[in-house]
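Trainee: Now for the letters of each chain:
Number of protein chains: 2
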Amino acid sequence: MSLPESLRKNMQQINELFDSSVIKKRDFDALDKIYTSDARILPPGAPLIQGRANIREFWQSAIPALGVMGLKLTSEDAHLDGDSIVEIGQGDLALNGGQTLAVKYVVHWKQEDGKWKWHTDIWNTNQ
Amino acid sequence: MSLPESLRKNMQQINELFDSSVIKKRDFDALDKIYTSDARILPPGAPLIQGRANIREFWQSAIPALGVMGLKLTSEDAHLDGDSIVEIGQGDLALNGGQTLAVKYVVHWKQEDGKWKWHTDIWNTNQ
Numbered sequence: 117m118s119l120p121e122s123l124r125k126n127m128q129q130i131n132e133l134f135d136s137s138v139i140k141k142r143d144f145d146a147l148d149k150i151y152t153s154d155a156r157i158l159p160p161g162a163p164l165i166q167g168r169a170n171i172r173e174f175w176q177s178a179i180p181a182l183g184v185m186g187l188k189l190t191s192e193d194a195h196l197d198g199d200s201i202v203e204i205g206q207g208d209l210a211l212n213g214g215q216t217l218a219v220k221y222v223v224h225w226k227q228e229d230g231k232w233k234w235h236t237d238i239w240n241t242n243q
Numbered sequence: 117m118s119l120p121e122s123l124r125k126n127m128q129q130i131n132e133l134f135d136s137s138v139i140k141k142r143d144f145d146a147l148d149k150i151y152t153s154d155a156r157i158l159p160p161g162a163p164l165i166q167g168r169a170n171i172r173e174f175w176q177s178a179i180p181a182l183g184v185m186g187l188k189l190t191s192e193d194a195h196l197d198g199d200s201i202v203e204i205g206q207g208d209l210a211l212n213g214g215q216t217l218a219v220k221y222v223v224h225w226k227q228e229d230g231k232w233k234w235h236t237d238i239w240n241t242n243q
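If you're matching them up, the sequences are chains A and B in order. Just so you know, the first sequence maps onto residues 117 to 243 in our numbering. Just so you know, the second sequence maps onto residues 117 to 243 in our numbering.
Because the hints were derived from the structure by calculation, they are not lab data. Some hints could be false.
Since copy identity is lost for identical chains, a pair holds within one copy or between any two.
Pairs of lysine to aspartate or glutamate, EDC-like flavour, derived with a Cα cap of 20 Å [claimed, not checked]:
{"hint": "1", "residue 1": "Lys140", "residue 2": "Asp154"}
{"hint": "2", "residue 1": "Lys188", "residue 2": "Asp208"}
{"hint": "3", "residue 1": "Lys226", "residue 2": "Glu192"}
{"hint": "4", "residue 1": "Lys231", "residue 2": "Asp197"}
{"hint": "5", "residue 1": "Lys140", "residue 2": "Glu192"}
{"hint": "6", "residue 1": "Lys226", "residue 2": "Asp193"}
{"hint": "7", "residue 1": "Lys140", "residue 2": "Asp197"}
{"hint": "8", "residue 1": "Lys226", "residue 2": "Asp199"}
{"hint": "9", "residue 1": "Lys231", "residue 2": "Glu173"}
{"hint": "10", "residue 1": "Lys226", "residue 2": "Asp197"}
{"hint": "11", "residue 1": "Lys125", "residue 2": "Asp154"}
Please put together the full structure from these sequences, using the hints given.
Mentor: Dropping the structure here:
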């Protein structure tokens with residue numbers, strides 16, 4: 117089913133937090149608001165990583181290593197079913213040196229303590 | 117929630133069809149049993165592709181181009197919620213020349229005419 121506008125806005129706020137806090141402020145505590153505690157990420161070029169502590173380690177290392185300066189997430193589709201949302205979207209990464217990188221993603225959202233968060237997060241590049 | 121054993125077996129049959137029919141027999145009609153008609157795939161190195169006819173074109177071109185000889189899909193987690201299943205798994209691609217390539221994937225399954233099929237399919241490589 118399609119999503120109520122309030123839920124759509126809530127998701128957008130969480131998505132923006134990754135850029136505004138995690139990337140721009142290197143505030144990795146903000147990941148607690150973004151990922152469920154037993155979330156999984158499936159990054160290109162690395163094995164699956166499970167658990168928020170391990171995910172935090174990944175981003176703490178990957179964001180500076182890749183020179184990520186910003187990430188604009190654009191939701192293209194979100195499908196609510198029971199207590200799950202499956203979202204498809206596009207990410208525009210800004211890298212230092214001025215390059216950009218287009219990625220696309222699928223995120224499975226679940227609620228943790230009444231808050232919607234990323235439970236499974238997979239992405240890859242367009243080129 | 118966890119999946120009934122019958123549903124798990126049903127999913128495994130569909131997953132195996134990709135290897136046994138699409139790859140090994142180049143039977144691209146079998147994709148009708150695997151993907152919903154408005155399915156989306158998000159392949160690494162290419163933009164999102166929507167619709168079974170376009171997905172068929174992609175695989176008809178990509179399988180010979182990449183020299184794919186086999187694909188063993190191993191389901192690692194499947195989460196049923198309402199009429200959706202979110203599956204996480206690993207794929208072991210056999211390429212001609214004897215190389216292998218490890219990929220991981222997330223598939224969002226939905227029912228079409230009472231049959232469970234891949235509705236969203238995204239993957240990337242481990243290395």
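Trainee: Does each hint hold? Answer for all of them.
Mentor: Here is what the structure says about each hint:
no.: 1; hint: Lys140 x Asp154; in the structure: neither (25 Å within a copy, 37 Å between copies)
no.: 2; hint: Lys188 x Asp208; in the structure: within (5 Å within a copy, 32 Å between copies)
no.: 3; hint: Lys226 x Glu192; in the structure: both (18 Å within a copy, 18 Å between copies)
no.: 4; hint: Lys231 x Asp197; in the structure: both (16 Å within a copy, 17 Å between copies)
no.: 5; hint: Lys140 x Glu192; in the structure: neither (24 Å within a copy, 34 Å between copies)
no.: 6; hint: Lys226 x Asp193; in the structure: both (16 Å within a copy, 15 Å between copies)
no.: 7; hint: Lys140 x Asp197; in the structure: neither (33 Å within a copy, 35 Å between copies)
no.: 8; hint: Lys226 x Asp199; in the structure: both (6 Å within a copy, 15 Å between copies)
no.: 9; hint: Lys231 x Glu173; in the structure: neither (23 Å within a copy, 40 Å between copies)
no.: 10; hint: Lys226 x Asp197; in the structure: both (10 Å within a copy, 10 Å between copies)
no.: 11; hint: Lys125 x Asp154; in the structure: neither (24 Å within a copy, 26 Å between copies)
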